[in-house]
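Using the sequences and the accompanying hints, generate a full structural model.
2 protein chains.
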Amino acid sequence: MTETRLGQATNFDSWKHAYAKRAENLAVSEVRALFSVVSRPEVVSLAGGMPDVSAMDNDAIRSAFDSLMSSRPQYALQYGGGQGDLRLREQICQIMELDGVHGSVEDVMITTGSQHALELISDLFLDQGDVVLVESPSYVGAVGIFRHKEAHIEHVFTDHDGLSPDALEEAVERLKADGKRIKLLYVVPNFANPSGVTLSEERRQRVLQICRDHGILIVEDNPYGLLYFEDQPPKALRAFDGDGVVYLGSFSKILSPGLRVGYVLAPPAIREKLVLANESAILSPATFAQMLVSEYLATCDWQKQVADYRNLYRTKRDAALEAVRQYLPSLHTTEPAGGFFLWLTLPEGLNSKEMLPLAVTELVAYTPGTAFFGDGRGHENIRICFSHPTAENVKVGIHRLANVIDRQIELLETFGSSK
Amino acid sequence: MTETRLGQATNFDSWKHAYAKRAENLAVSEVRALFSVVSRPEVVSLAGGMPDVSAMDNDAIRSAFDSLMSSRPQYALQYGGGQGDLRLREQICQIMELDGVHGSVEDVMITTGSQHALELISDLFLDQGDVVLVESPSYVGAVGIFRHKEAHIEHVFTDHDGLSPDALEEAVERLKADGKRIKLLYVVPNFANPSGVTLSEERRQRVLQICRDHGILIVEDNPYGLLYFEDQPPKALRAFDGDGVVYLGSFSKILSPGLRVGYVLAPPAIREKLVLANESAILSPATFAQMLVSEYLATCDWQKQVADYRNLYRTKRDAALEAVRQYLPSLHTTEPAGGFFLWLTLPEGLNSKEMLPLAVTELVAYTPGTAFFGDGRGHENIRICFSHPTAENVKVGIHRLANVIDRQIELLETFGSSK
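First to last, the protein sequences are chains A and B. The end of the first sequence is residue 418 by numbering that gives the first Met the number 0, with every number in the run present. The end of the second sequence is residue 418 by numbering that gives the first Met the number 0, with every number in the run present.
One or more hints might be untrue.
[Claimed, not checked] With a Cα cut of at most 30 Å, we get these calculated DSSO-like pairs of lysine-lysine:
(1) K303(B) x K179(A)
(2) K175(A) x K20(B)
(3) K20(B) x K20(A)
(4) K15(A) x K234(B)
(5) K234(B) x K303(B)
(6) K303(A) x K234(A)
(7) K20(A) x K175(B)
(8) K15(A) x K20(B)
(9) K20(B) x K179(B)
(10) K20(B) x K175(B)
(11) K20(A) x K179(B)
(12) K15(B) x K179(A)
(13) K15(B) x K20(A)
(14) K15(B) x K175(A)
(15) K234(A) x K20(A)
(16) K175(A) x K15(A)
(17) K15(B) x K234(A)
(18) K303(A) x K20(A)
(19) K15(A) x K15(B)
[Said to hold, decoys possible] Computed list of chain A residues with no C-beta within reach of chain B, every gap over 12 Å:
(20) D58
(21) L97
(22) E168
(23) R173
(24) D177
(25) R205
(26) S283
(27) L296
(28) G348
(29) L362
(30) H378
(31) H387
What the hints contain is simulated information worked out from the structure, not anything from laboratory work. The beta carbon of each residue, even a glycine, is placed where N, CA and C say it ideally should be.
What follows is the structure, given as structure tokens:
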């Protein structure tokens with residue numbers, strides 16, 4: 000299951016000569032290939048990255064829908080403005096306050112999931128060869144977009160306290176000395192996908208200062224911030240810099256990804272351009288989904304729902320860590336204080352990508368670390384997503400994974416590395 | 000209300016140096032500026048381009064929602080595949096059959112309105128300077144995307160039978176002789192936006208032949224095809240060429256634009272790339288909206304709904320043509336056999352863009368023809384959208400417009416042209 004095989008065109012293409020240059024950078028993501036595996040019921044999937052929507056209060060959705068269809072169906076079914084529904088933007092400002100962010104409703108735009116915000120921002124800023132600084136590892140969907148824009152993706156050293164400011168400074172100076180144009184720093188500061196780590200409070204200030212000093216725009220992506228298991232994470236980077244940070248949020252993890260409602264808060268001049276880009280791409284974000292979310296927020300106890308999710312995912316995180324300690328005691332794992340993911344480091348000589356087909360044979364799936372690097376690294380890493388399976392299945396899955404890894408270690412000790 | 004004024008940045012921009020080159024081509028559309036006018040109740044808006052969703056059977060939507068939430072809420076609220084819901088794609092294949100198109104469910108992809116299909120196709124094919132051939136006039140949202148991709152937009156002469164094959168051939172040969180790379184022909188063959196004209200059966204064959212001969216991919220956009228007032232329009236271009244045509248459809252005009260569910264049928268190799276591009280941009284189209292549409296199609300009498308729309312829009316079209324004949328007898332108008340739009344030609348010396356503020360003062364809005372050209376033409380034209388106001392208000396609006404035009408003609412006769 001290599002990228003080359005998956006990416007191979009299986010159909011004859013009489014338009015091969017006609018594609019734009021940037022089309023060459025459309026790659027099949029490894030996460031995508033795993034969606035088909037997920038659907039087989041006998042496989043425990045620790046891949047994915049999906050919320051457990053079975054914990055969603057469906058009666059609340061029904062009641063929000065009824066309320067919407069009784070009051071304003073003609074608005075909900077009609078085109079809307081390119082920036083998005085005003086009431087929802089007001090509600091989003093209140094939600095962002097929880098993260099320490101004081102944004103104006105004028106500077107919020109609704110997007111088709113925060114993925115599309117990332118696409119629009121990248122399209123707005125990235126010319127071929129421009130540098131985007133990212134964590135090591137970084138979100139697979141972001142890496143994919145930056146690659147599609149023909150950007151230079153530079154991974155910056157990251158540890159259990161998040162992105163390293165020292166490494167950031169070193170990278171910036173080296174790249175500038177090489178004459179590169181550094182445009183963006185993309186960072187998931189809370190319970191990062193895929194590592195699960197959180198950027199420490201002290202580092203946030205240093206990262207902000209470095210980016211300010213060098214004129215680098217920060218793209219702060221915060222889908223998991225409200226899903227903390229112990230303490231709330233530190234205030235957002237955006238809380239300290241209104242002009243230097245574009246802030247992304249989403250209802251995908253606290254409500255439903257099937258609605259595709261995300262948002263972006265940007266400095267006014269950037270926001271103006273993002274609205275134009277949004278209109279150009281989709282005319283207007285889906286009014287129906289926006290108004291359904293807004294009605295839900297206005298009439299249901301959404302904070303209770305988020306608290307339920309927190310409890311649920313804490314239980315699953317505990318199950319995952321317990322299983323790793325029990326079945327894979329020699330492996331290093333991150334210990335996330337929120338979110339969806341663990342990041343495991345395999346013993347030397349093992350290759351997470353090559354091992355995946357064996358794991359699937361043993362009825363467990365995961366995402367190999369290579370998906371989260373734009374530079375070919377990550378073979379020694381595995382992302383475990385504990386949010387979607389039951390806590391029991393999280394344990395079963397990690398147990399099966401341990402069997403696969405143990406057998407690999409055994410083979411390695413007997414026959415040496417396959418390389 | 001000129002493009003320059005609207006497009007001016009109103010906010011100080013400390014990131015001005017950082018934008019990508021293509022960002023310069025993001026322009027404020029004239030249609031967008033009109034959305035704020037539309038919302039004032041005393042103004043009759045013949046601008047917009049919106050369906051009359053008050054004619055939608057809301058009980059059908061409710062019943063589809065109930066059915067969905069009772070049977071498969073956990074799928075509807077979850078992420079889906081990048082290509083879109085399988086059952087909906089099957090239903091789309093049945094709908095396309097009505098247009099003479101036999102497509103495989105494997106080659107259909109769901110998009111966030113057909114606008115996003117157009118965005119993804121353009122991104123896939125258009126390098127800077129590549130030529131896109133379009134009708135004269137062409138859809139404002141398409142022109143905007145092509146401009147954003149830094150394409151060369153070439154308008155081809157169009158009359159009451161649609162795009163002229165002779166003019167197409169001439170343009171292709173001239174552009175090729177100039178060394179240009181012609182990538183796409185973008186065409187709305189049925190009840191075009193904004194002209195209302197339909198490409199004749201005979202011309203469809205010639206257009207197909209010319210594009211085949213010159214290796215030009217046709218992008219056939221058909222949002223209005225089912226909204227015919229007399230005879231069904233001729234079969235789609237795609238019905239005759241599976242490899243040379245990418246076909247776009249939408250539920251925005253026959254169901255609801257607020258759901259943002261459109262689709263694209265493409266040759267297999269192109270479809271493969273479109274799915275990757277869709278995933279990169281938004282991860283997956285909104286599952287909830289897709290499954291709601293699918294449930295609606297499966298359980299409600301959607302063909303009756305479309306028939307209701309046909310009757311409603313026919314009445315409004317009749318009201319519009321009657322009012323033009325009564326109040327503006329000297330003006331040329333197209334006579335659409337379906338869809339949403341009339342295209343008026345003003346007497347020489349009048350300027351539709353300059354006249355718009357006066358019209359708004361007289362409580363009527365329209366879209367100036369300049370919005371539908373990438374080359375500055377269209378000052379002598381007006382697009383009238385008759386679909387959204389009541390038939391009565393269509394007449395009132397055209398009466399007000401006639402007063403504005405008459406006064407302009409009077410001024411012109413007294414003082415001469417303003418130029």
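Here's how the hints hold up against the structure:
A hinted pair counts as satisfied when its Cα atoms are at most 30 Å apart, and K303(B) with K179(A) does not qualify at roughly 60 Å. Between the alpha carbons of K175(A) and K20(B) the distance comes to roughly 20 Å, so the proposed pair stays at or under 30 Å and holds. Among the hinted pairs, K20(B) with K20(A) is consistent with the structure: their alpha-carbon atoms are about 16 Å apart, no more than 30 Å. For the suggested pair K15(A) and K234(B), the alpha carbons sit about 28 Å apart, so the restraint of at most 30 Å is met.
About 21 Å separates the Cα atoms of K234(B) and K303(B), which keeps this hinted pair within 30 Å; it holds. Taken as a hint, the K303(A) and K234(A) pair is honoured in the structure, with Cα atoms around 21 Å apart against an allowance of 30 Å. Restraint check for K20(A) and K175(B): the C-alpha separation of about 20 Å stays at or below 30 Å, so the hint holds. Proposed proximity of K15(A) and K20(B) is supported: the alpha carbons are some 26 Å apart, at most 30 Å.
The suggested pairing of K20(B) with K179(B) holds, with an alpha-carbon distance near 21 Å, which does not exceed 30 Å. With a CA separation close to 26 Å, the supplied pair K20(B) and K175(B) stays within the 30 Å bound. In summary, the hint linking K20(A) to K179(B) is supported, as the alpha carbons are separated by about 16 Å, within the 30 Å threshold. Taking the CA atoms of K15(B) and K179(A), the gap is near 18 Å; set against the 30 Å cutoff, the hint holds.
The suggested pairing of K15(B) with K20(A) holds, with an alpha-carbon distance near 26 Å, which does not exceed 30 Å. At roughly 19 Å between alpha-carbon atoms, K15(B) and K175(A) fall within 30 Å of each other, so this suggested pair holds. The suggested pairing of K234(A) with K20(A) is violated, with an alpha-carbon distance near 41 Å, which exceeds 30 Å. Of the supplied pair hints, the one linking K175(A) and K15(A) is violated, its CA atoms being roughly 37 Å apart against a limit of 30 Å.
Straight-line distance between C-alpha atoms of K15(B) and K234(A) comes to about 28 Å, which keeps the hinted pair within the 30 Å bound. For the given pair, K303(A) sits about 49 Å from K20(A) by alpha-carbon distance, which is inconsistent with the 30 Å threshold. For the suggested pair K15(A) and K15(B), the alpha carbons sit about 36 Å apart, so the restraint of at most 30 Å is broken. Once the 12 Å rule is applied to beta carbons, D58(A) is inconsistent with being away from chain B; the minimum gap is 9 Å.
Listed as a non-interface residue, L97(A) keeps its Cβ farther than 12 Å from every Cβ of chain B; the least gap is roughly 23 Å. A cut-off of 12 Å between C-beta atoms confirms that E168(A) is not in contact with chain B; the least separation is 20 Å. Consistency note on R173(A): stated as away from chain B, and its beta-carbon is indeed over 12 Å from all of that chain's, at 20 Å minimum. Consistency note on D177(A): stated as away from chain B, and its beta-carbon is indeed over 12 Å from all of that chain's, at 18 Å minimum.
Its beta-carbon lying about 21 Å from the closest one in chain B, R205(A) satisfies the requirement of being farther than 12 Å from that chain. Remark: the non-interface label on S283(A) conflicts with the geometry, its nearest Cβ contact in chain B lying 8 Å away (cut-off 12 Å). A cut-off of 12 Å between C-beta atoms confirms that L296(A) is not in contact with chain B; the least separation is 16 Å. Consistency note on G348(A): stated as away from chain B, and its beta-carbon is indeed over 12 Å from all of that chain's, at 33 Å minimum.
With a closest Cβ-Cβ approach of about 21 Å to chain B, L362(A) is found to remain outside the 12 Å limit, as its non-interface label requires. Every CB of chain B lies more than 12 Å from the CB of H378(A), the least distance being 23 Å, so the non-interface label holds. Residue placement check: H387(A) does not keep its beta carbon more than 12 Å from all beta carbons of chain B (closest about 9 Å).
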